[in-house]
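Asker: For the record, the sequence lines run as chains A and B.
The opening position of the first sequence corresponds to residue 5 in the working numbering, with each subsequent residue numbered one higher.
The opening position of the second sequence corresponds to residue 80 in the working numbering, with each subsequent residue numbered one higher.
Certain hints may be false.
What the hints assert, rightly or not - Derived list of chain A stretches under chain B, where covered just means 3 residues or more per stretch with a C-beta under 8 Å from a C-beta of chain B: (1) 47-55; (2) 59-71; (3) 87-97; (4) 188-200.
To be verified - Partial selection, computed: residues in chain B whose CB lies under 8 Å from chain A: (5) P231; (6) R381; (7) E532; (8) C534; (9) G535; (10) A538; (11) R541; (12) G577.
To be verified - 30 Å max Cα-Cα, derived DSSO-like pairs, lysine-lysine: (13) B:K636 / B:K649; (14) B:K636 / B:K648; (15) B:K485 / B:K498; (16) A:K87 / B:K498; (17) B:K616 / B:K671; (18) A:K87 / B:K553.
Calculated from the structure, these hints are not laboratory results.
Since the structure is predicted, the reported quantities are computational estimates derived from the model, not experimental observations.
Even for Gly, the Cβ is constructed at its ideal location relative to N, Cα and C.
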Amino acid sequence: MKLTIDDREVVCREGQTLLEAARGAGIAIPSLCDHRDLSPFAGCRICLVEIAGRRDFAPSCATPAEEGLVVFTRTPAVLALRKKILELILASHPYACLVCAEKATCDDLKSTIRKVGEVTGCVLCPVNGDCELQRVVDEVGLDRVDPPAVYRDREVRRDDPFFDRDDNLCILCGRCVRVCEEVRGAAVLSFVHRGGRTLVGTAFDRPLIDSGCRFCGACVDVCPTAALVERAARPLPRPERTAPAVCPFCGQGCVLDLGTRDGRVLTARPATVAPNEGQACVKGRFLVRGALAGEGRILGPRIRRNGHLVAATFEEALDAAAAGLAAAAPERRALVYPSQVPLEDAFLFLEFGHRALAAAAIEASPAAAIWQRLDALGSERGIRIPTTGRLAEIRAARTVLAWDVDLPSDHPIAWLEVVRAVRAGARLVAAGRVPAGPIGAGASPLELEGSLEEITRALSAGGPAVVLFDAAAASGPDGLETLERLWTAALRTGARLFPLGRTANGRGVHELERAFGRPPRERAGPGVREGLDAGAFDALLLAGPFEVGRSGPGFLVCLDTHWTANAERADVVLPAAAFAEAPGTWVNTEGRVRTYPPAALPPGAARPDRDVLAGLAARLGPPGLPARDDAEILREICRIVPALHGYDPEAARDGSFLLKDGQAPGRTPEGAAARPAAPAGRADVLRGYDPVAANRGYARLRRVR
Amino acid sequence: MTTVRTHLLVCAGTGCVSCGAFGIRSGLEAEVRRRGLGGEVEVVATGCNGFCERGPIVVVQPDGVFYQRLAPADIPELVEEHLIKGRPVRRLMYVPPEEREPVPRMKDIPFFKHQRLIVLRNRGRIDPERIDDYIAADGYEAAAKALGEMTPEGIIAEITASGLRGRGGAGFPTGIKWEAARRAAGGPKYVVCNGDEGDPGAFMDRSVLEADPHSVIEGLIIGARAVGADRGFLYIRNEYPLAIDRVGKALEQARSYGLLGADILGTGFTFDLEIVRGAGAFVSGEETALIASIEGGRAYPRPRPPYPAQRGLWGRPTVINNVETWANIPSIVRRGADWFAGLGTAGSKGTKVFSLVGKIANTGLVEVPMGITLREIVHDIGGGVPGGRDVKAVQIGGPSGGCIPKSLFDLPIDFESLKSAGSMMGSGGMIVMDEDTCMVDIALYFLRFAEEESCGKCAPCRVGTGEMARILAKITEGRGGADDVARLEDLADTVRRGSLCGLGQTAPNPVLTTLRYFRDEYEAHVRDKRCPALVCKSLISFAIDPGACVGCQLCKKACPAAAISGEPKKVHIIDDRACIKCGICLNVCPPKFRAVRKTTPPASAGAAGSTAASGRAAASKPAGGGR
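Full structure from sequences and hints, please.
Answerer: Here you go:
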């Protein structure tokens, strides 16, 4: 449709607001409460415009564009009113710096005093320079504020983990309230009180942690001021650059924009690309920095001498590791490699294990349980569940069946799509575990033992239906039977099945495993677990989370990012680069493939797995590993993995490449049962994560500050 | 069916109930039984009679005799004399002010004589808790007509032709609203009765709901039929327990009579109503906020368009009308659009219910035809200001309205005239103010109300009203600066044009109208540090007139601040520095002396000489105060 904005003809789509139409045409209208992911609020009144033929000024963020409308965004009356309204907004926000004559020159001089707890002006504010209110003040051109400042004088709330709430800076734009309810389905935040005493708070003013908050950080990300601000970022310098990386903490493969300075990650913000579209969860949003730079990182190689682990150079450690591994006969060597690493590293682990180490047992850890079970379903029952599908397809469903899966905790991004569907009127059916919060509270229950007919009935309520499940549904002795029931019900009703993997790149590594298969028959022994228990291995290269147990191998090399019980007892400890510190390709649970360069530098002496493996292979002698760069490795991977044929990392930056589904299943990994949860190590540092304990960690940080 | 010779209609509106109407009712019942009149005299508790000033009220029918300000002790005499001996009790009758002879019959009392009842047609006549009473008074005849004989288009055409406009405030034509909802795509559709009456001094909706709940229900049934709704809500503020109780009973009775529910009156039309109780936020009366509240959310308004008739409750087409609007519907359908359109002015048809409060002799609820003048309401019906003081202004429309000065009292009242006078019809609260009312103080009161009741969603209303109140407070405290009035006007403009909903957009009206009609009072406060009405404490002093004081020591003993000194039988003096301006001295000084005076500017202000002079000048009623 066509309309006229500021004497220009503007074309826009049906359903767009005036603000969207104007911005689409490059006409800037300042606004504060509007946000692209949220319903219009029309509360800040900054985006008011004049419409020919209408008596009142209209909030452009909430006024639908109409054919033939004549809109003026910059008449003298509009500009004057905007200034007046902005003055009123600023009257209850510490604004001194915003209208200070020296504001252009002051930042350079005072950039370090942002670290105080109480914010009374921009130069003391943690988001100074990154504040939407500052931007709008510039856009509107305010240079004085008439009403006297009213400081709300509310204590800064620091009793919750991860972020502070400073009511004194809040402009009541309601973005946090809306994102919490509309996008996250949590509705923890709400407006409280009224009139001039209106604030954002929780029910009965309880701490967030007692109000159902999951600390996803969405409210912090949408806050235009520093009313909500990440506590850990407060004392840190501002990042110099940002780079994308795939979050390693679960299988959904959120893209995070990592803010770095001097090669160190300082902040992590969800990127506005699929699948997470600007959202994250507590792990991706708040724990990345701590996981990369926090306590427990292995910073340098260690060699066990006289019973003690002592520091060594990388070369010494590699020599010692290679010597120890070589000392064991090939059929008495084993390799456990991490499944939560880029495809390139996983490929090199496999190649190293098969060729250089010629190990008898090679296993990824943690096992990609759901994908293995789906393979088993294919080989045992001849059933192939399509596994590649965009999570965004869930939002169009009219019925969502969550099969024994804790969506908000384990698959938060899939959950957001469920929230969206339910808010649009879809029915949520929960079998087994019921998601917490107001959305889950409205779910209809279904028995896990429910018959096929019951499942079919639940799915055939009309409209598209989806079934979400993860390894929990597929595990146990009845796992295959459950999958078969879901599959049959889906076949009858046309419902889509969404298997949800729980480990980062678990899906990609599973594809690689299928391409490689098990070690050659003649060397194939028992699995690593059984072999260790039976004393079948003399040397183990351990790079993934694994419970070595009491009866360890004679020689243990630990290649890891963090100190674990395994590393403590290892003969050689090698520091590995963590995610985002090495380039690589990741496949998420949707089958979406992405390759990113490293965003940060490994700390200390840590090196990417591929460099360590190359060093070990060289020392182990022929056949060794061929010398290849990352691009060549990726090409090789794409060659051997059919689902990756045609993958071009450059073209797929936008996340548009999905694994090719419908490929014949590879050889079935015999006896690949779902393993119990793996112990800590590698990207598993968040297992058993406790927000309260984490908060204590930050409290310590605060004391240091 | 038994017939009784006499009905005793006891007003059981909230006003009368709070001064003991239920006691009067049970007392009458007991006395009637005791005297053996049980078979021939029936005591009926009716809804609000309207003449709240005179409660508790009993009207004896069919005689039409009006008894007022009854006490339980009066009951035996009333029953003995009137019911047994047939001699009406003159001492319990109403005596108009300035007159000596009582007016026995209700229809002859000036308060009632000038009214025209449509919405309140059943007030004081029927028992609101008995549907049979309502049906006997032609109730549900209109619903039967609408459902049985009229098409939805026909109903809407009738309402449109009647010229009925929404009685909730802005006066939007009801027929057009209904038509928009009827045409709107998508369903289900809803009808909603807005009973969240929150204006200070307004109780029209409460009275209608209490006195005649079925008229509202019947209106909703007709409206639902017209727009195609099968579900409706009565949103009533929780501060109206009696209204909620009576509407609840009425709904049950209507259901049991087949007037609500499936297949109403055998016409195949299905419709039901439920009560939603408001949690006491003024803004809930704004229709989009009311929708949010019914939906279970915080009562936050949202921008329009889309209008509720297009996308209302749960995004569905919804007609929201106020109580009085709905109560008008049955009469219009029953008696025809022409009859209704014959009443009122060119642009505003029918009648309007006003609550008369403030400095007025006959506090109460009145229904008058549109186009009546304020003078008729205040003087002929309201009986003027008690105590012979002069009226200064009438505040109409609550916090959204404005003050209409005495000079405009001949203005025929309708939606347009009030708007052009800077006020608005609002829901119909009328607060009468006399010369002792400071207009700056009144503006401050309403702005504080607006600030307090602002929902907090949009900045102009949330912050702007507070800022206006702050400046007004400054002015009333004598700290007003030369540019403060200009800043007020500036802020008023920002709040009016920048606010999201009607509450904010109209919140500056009390300031704008008082500035328009009483600017001199503002200037007196700011420039001369005087409060001409002698209200603003910072700008007045209490002084004792040496010529009038007899030294009785009453004021000296009463003064809590020990600010008064003086020997017995000698002239007393008030120490202005110690005085806390509580006014007790003024109250205790015997009327025959009237020795305590208020003066402005205060004695402590300015140079001693000029203070004494102006203090004396202001000791009598100030000039220019009540223009």
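Asker: Please go over all the hints and tell whether each is borne out by the structure.
Answerer: Hints and how they fare:
1. 47-55: Satisfied; 4 residues make the cut.
2. 59-71: holds (count 7)
3. 87-97: holds (count 6)
4. 188-200: holds (count 6)
5. P231: The hint is violated - P231 (chain B) has no Cβ within 8 Å of chain A, the shortest such distance being about 28 Å.
6. R381: Interface hint status for R381 (chain B): holds (7 Å vs cutoff 8 Å).
7. E532: 7 Å, holds
8. C534: Check passed: Cβ of C534 (chain B) comes within 6 Å of chain A, closer than 8 Å.
9. G535: With Cβ-Cβ at 3 Å, under 8 Å, it holds.
10. A538: Holds. Min distance 5 Å.
11. R541: 6 Å, holds
12. G577: 5 Å, holds
13. B:K636 / B:K649: 14 Å, holds
14. B:K636 / B:K648: 14 Å, holds
15. B:K485 / B:K498: 16 Å, holds
16. A:K87 / B:K498: Holds. K87 (chain A) to K498 (chain B) sits at ~28 Å (cutoff 30 Å).
17. B:K616 / B:K671: Status holds; Cα separation ~25 Å.
18. A:K87 / B:K553: 24 Å, holds
The structure shown violates just one earlier hint, number 5.
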